[in-house]
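Student: Sequence:
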Amino acid sequence: MLLNGDCSESLKKEAGVADLPKENGLDEGEPGDETTGQEVIVIQDTGFSVKILAPGIEPFSLQVSPQEMVQEIHQVLMDREDTCHRTCFSLHLDGNMLDHFSELRSVEGLQEGSVLRVVEEPYTVREARIHVRHVRDLLKSLDPSDAFNGVDCNSLSFLSVFTDGDLGDSGKRKKGLEMDPIDCTPPEYILPGSRERPLCPLQPQNRDWKPLQCLKVLTMSGWNPPPGNRKMHGDLMYLFVITAEDRQVSITASTRGFYLNQSTAYHFNPKPASPRFLSHSLVELLNQISPTFKKNFAVLQKKRVQRHPFERIATPFQVYSWTAPQAEHAMDCVRAEDAYTSRLGYEEHIPGQTRDWNEELQTTRELPRKNLPERLLRERAIFKVHSDFTAAATRGAMAVIDGNVMAINPSEETKMQMFIWNNIFFSLGFDVRDHYKDFGGDVAAYVAPTNDLNGVRTYNAVDVEGLYTLGTVVVDYRGYRVTAQSIIPGILERDQEQSVIYGSIDFGKTVVTHPRYLELLERTSRPLKILRHRVLNDRDEEVELCSSVECKGIIGNDGRHYILDLLRTFPPDLNFLPVPGEELPEECTRAGFPRTHRHKLCCLRQELVDAFVEHRYLLFMKLAALQLIQQKASKVDTSTPLENGGPPSSESKPEDPLGPEAGSEEEGSSASGLAKVKELAETIASDDSTADPRSREVIHNACKAVGSISNTAFDIRFNPDIFSPGVRFPESCQDEVRDQKQLLKDAAAFLLSCQIPGLVKDCAEHAVLPVDGATLAEAMRQRGINMRYLGKVLDLVVRSPARDQLDHIHKIGIGELITRSAKHIFKTYLQGVELSGLSAAISHFLNCFLSSYPNPVAHLPADELLSKKRNKRRKNRPPGAADNTAWAVMTPQELWKNICQEAKNYFDFGLECDSVDQAVETYGLQKITLLREISLKTGIQILLKEYSFDSRHKPAFTEEDVLNIFPVVKHVNPKASDAFHFFQSGQAKVQQGFLKEGCELINEALNLFNNVYGAMHVEICACLRLLARLHYIMGDYAEALSNQQKAVLMSERVMGIEHPNTIQEYMHLALYCFASSQLSTALSLLYRARYLMLLVFGEDHPEMALLDNNIGLVLHGVMEYDLSLRFLENALAVSTKYHGPKALKVALSFYLFASS
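Take the sequence shown: its letter number 871 is residue 871 in the numbering used here, and every next letter is one higher.
Since the hints were derived computationally from the structure, they do not count as laboratory data.
Heads up, the beta-carbon is just placed ideally off N, CA and C, and yes, glycines get one too.
A few of these clues could be false.
Label pairs and their calculated CB-CB ranges [to be verified]:
#1 Leu1125 - Asp164: 26 to 36 Å
#2 Arg133 - Ser61: 22 to 32 Å
#3 Met1119 - Phe1150: 15 to 25 Å
#4 Lys302 - His953: 43 to 53 Å
#5 Asn1003 - Ser836: 50 to 60 Å
#6 Arg133 - Glu245: 23 to 33 Å
#7 Val462 - Gly1140: 43 to 53 Å
#8 His267 - Gly228: 11 to 21 Å
#9 His267 - Val305: 40 to 50 Å
#10 Glu493 - Pro854: 53 to 63 Å
#11 Phe48 - Glu245: 43 to 53 Å
#12 Met418 - Arg728: 25 to 35 Å
#13 Arg133 - Thr958: 33 to 43 Å
When you get a sec, could you build the whole thing from the sequences and use the hints?
Tutor: Take a look at the structure:
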């Protein structure tokens, strides 16, 4: 049996890992309550089969389900190998045409065994275009260039390269029992101890990619559009084709189909050629005139259909690859047309051209949600519109920065400009009109959009009926931050002062409120822990709010109540907000806080607020229990010890929150005490007069001690306006304000005294195993620790007694610190570069950052050097068209000095290195890892080749090595709530040991996830992994293999081919292959995982011990003893280092080592 840690424990861990990142940790109301068995059945209506009759092929039967639409049968036929060349047809049942958009169950007379005829329909210009686009997609179906270029939600997957096609039964048949000798020696760079970290194996060349050439050229003809008299003959458009045999032909697309005409490149003659080969489908026409096309197209479609569907389905959000091979640029009519007709979110499929994004986003929210089918429909609609909106917003933001969109205020200077494109409003992250003057100017204007996005995400997750937020996407591209928002109907016609009826447009000088907004926001205040409070406006009147003052309420012309500017939804972080005259708790001052930050918009994360409240709740229960026990003990009515005074030393001693008294009580009585308190708290909260006054006093004291806003029940909320510059509170609220200030100080202290040490402890115990910067950041954020605390986390790691066990965390942390600092510098560096100098500038920056070459020289674009004068006159160029060449003078010494300075200023961490080589030496980093991290953070795409970073004779990068720069996109991820609850209850069942029931629940969750998200999504990936795991434990290896194969493909497609999660999935798949005795496949998967691990981090990681143990075992199984020993030796060394010499895992390593 292959290792995977001991099973029960790793299952628990598995269930933990698969915890889908809760969007902001909000528990939506448990929809599980009313989900009855019968409701679930509704979704899985029993399918039936129908017979399809299409022209020219044998009839075949097709399995359908009643709630499918007729349109979905169309899609299936357009994908099938034998009918894929048809797009313009209708389906007839007994001579009646079926409506495209009706559900099958509503079609009269449709039942098991019905015959549907495929009837060819006449073309229109729209249908002809769709047909040509579809044929082009079929010709390009194996070509990965869309994935490398990051378009149309294509992304890469390499699993099939390592499994030689399909796993499962076919795999077994093909390989027998695999006892034939196989070559198990991995390439040199995968062996333990190798120092070489090549880049090329990251994207191995897939054999299928050398596409079979069916045609040389297929483009729109220059004779388009047809002149009037030809239009009246039914000509729709003309195509120009060069076949593989070099025959040049002109084709007319007419209402009846496609035929050859007599035009040439320079001579227009639309008369049909003879023979004209009129065919309803372009493919049938090309089959007749080109034998090569006929042969290759058939082979291509066979291959296309053999690919796993997960390799071809579009992902919900675009994934970009940071490396790509050199590709030749081929002619492509559809791509050329798309680029210039600015296809705004597929408008040719939608009547009325551009989409009204705001209306779509809000209407989907208003869909009913009383029962499960309704909620599924609603969540699916919300998710779909969100992913479309994100794609359109990303496209628009790039167009804005590239200068392809006209500003709505073109006369103002660049920073001030705003844009509207495709019904989306775009603004740049600069401080226009000194709006953020008191908060840090441009720096504040840069972080405000992400804070606002977090606010939008949170309010969306609370999902209060009647309260609307804007569709919001934040795009970082070429050094600029662009906010894309849907447009409130009517907002552009009126002045902002008139429209805002709740909140403040000048940070709290004039403040207004509105009863309906208070009522709506009141419903969010409990889940978001926001306190309803009063502030003074400029006329000293009290105004009641239930949000921060900047949160504005606007009623649109559609009558909906919108809230926007949610950048201060969460309370301020006092560690980074020095306030004159305010002392922070001792834990904070000891750590050197408060520190002045670049802006005053630092907020605590929602995860932190939730953890803090949870922590306080436990404290509250313990205090009350303690007092009840004391009351029982001393029947004499003495005053309780906690009458006044703050919380008893809770923050300074997280391990023992009750100080000395708690320890002296026996455990048993305290447990029963807690149960009593719970009961008592509920009685008193429901305002029941049965509770006796002394118990009331107990609850009252406990409430007071933990800072609850109510005296009868535990209820902690924050006032987001405390310490907000410019906000004043009425005299009558001074006590409340004082308590709120104390609460904020306690929360800041809690972050430093509980959360950061908790994270470091979890890392030392390997409860969390970050592998790269992104997974470390994720671990920090889940505990509510902002990235600006990275320096503090590293300080604690360095000072930790378990420093050696934390070596990997130290490396990842330092790498993250360096690349984040470099990213900050790169951002301003790029803003000064014009388009023609972009690749030169980026390669120069990378040379200064990573190359050992001492003095790289930047290549300025040639025309720059000619005329320095002509550029002075344009004040309002598009944002991305700066024309200074300051970037060219950067040197490695200067860049590294700035990186160290940035690390000190921003993260308060002293780096000891003044060059990349020194950093690599001092901290044990890898240059290739730093390259990956900086590329992912900034959107750079570089050429896939081996870079000689360490050469002192020539720079590592040239201009030709920088292929592209992609946007980095932040957006809301709408959740599938019901599916998520099924998933959680499934996990709970599994942890209690009920595997079968757990398996059923998880399968149900998978169904619901598919219903909401479609086939591809991170959460579906977690679901598949857990299912595979359960099947493996229950001994069903074939099922485990099939699920895990999907999980690997999906992880590659939606998370990235070298994401740590993908590495994990590869390891699991190898385990199930080994269990199904497919040894050589298991080995090649493990080698792939090891290569990715080396690239992403290096050899010295606790995960590497598990990986090498597994490789050693498989090699031992195929009797490669010497090779097996090398891997097992490394595993032993690594586990001894990370788990200490006495740990169980080390004993296991010794045992394996000895037995081999």
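Student: Evaluate each hint against the coordinates.
Tutor: Hints, one by one, checked against the model:
1. Leu1125 - Asp164: 26 to 36 Å: The hinted range 26 to 36 Å holds for Leu1125 and Asp164, with Cβ atoms some 28 Å apart.
2. Arg133 - Ser61: 22 to 32 Å: holds (29 Å)
3. Met1119 - Phe1150: 15 to 25 Å: holds (22 Å)
4. Lys302 - His953: 43 to 53 Å: Holds, at about 50 Å.
5. Asn1003 - Ser836: 50 to 60 Å: holds (55 Å)
6. Arg133 - Glu245: 23 to 33 Å: holds (25 Å)
7. Val462 - Gly1140: 43 to 53 Å: holds (45 Å)
8. His267 - Gly228: 11 to 21 Å: Holds: the Cβ-Cβ distance is about 20 Å, inside 11 to 21 Å.
9. His267 - Val305: 40 to 50 Å: Given about 41 Å between the Cβ atoms, the range holds.
10. Glu493 - Pro854: 53 to 63 Å: holds (60 Å)
11. Phe48 - Glu245: 43 to 53 Å: Check passed, 47 Å falls within 43 to 53 Å.
12. Met418 - Arg728: 25 to 35 Å: Roughly 32 Å apart at Cβ, these two residues keep to the hinted range, so it holds.
13. Arg133 - Thr958: 33 to 43 Å: Check passed, 37 Å falls within 33 to 43 Å.
Violated hints for the displayed structure: none, as all numbered hints are satisfied.
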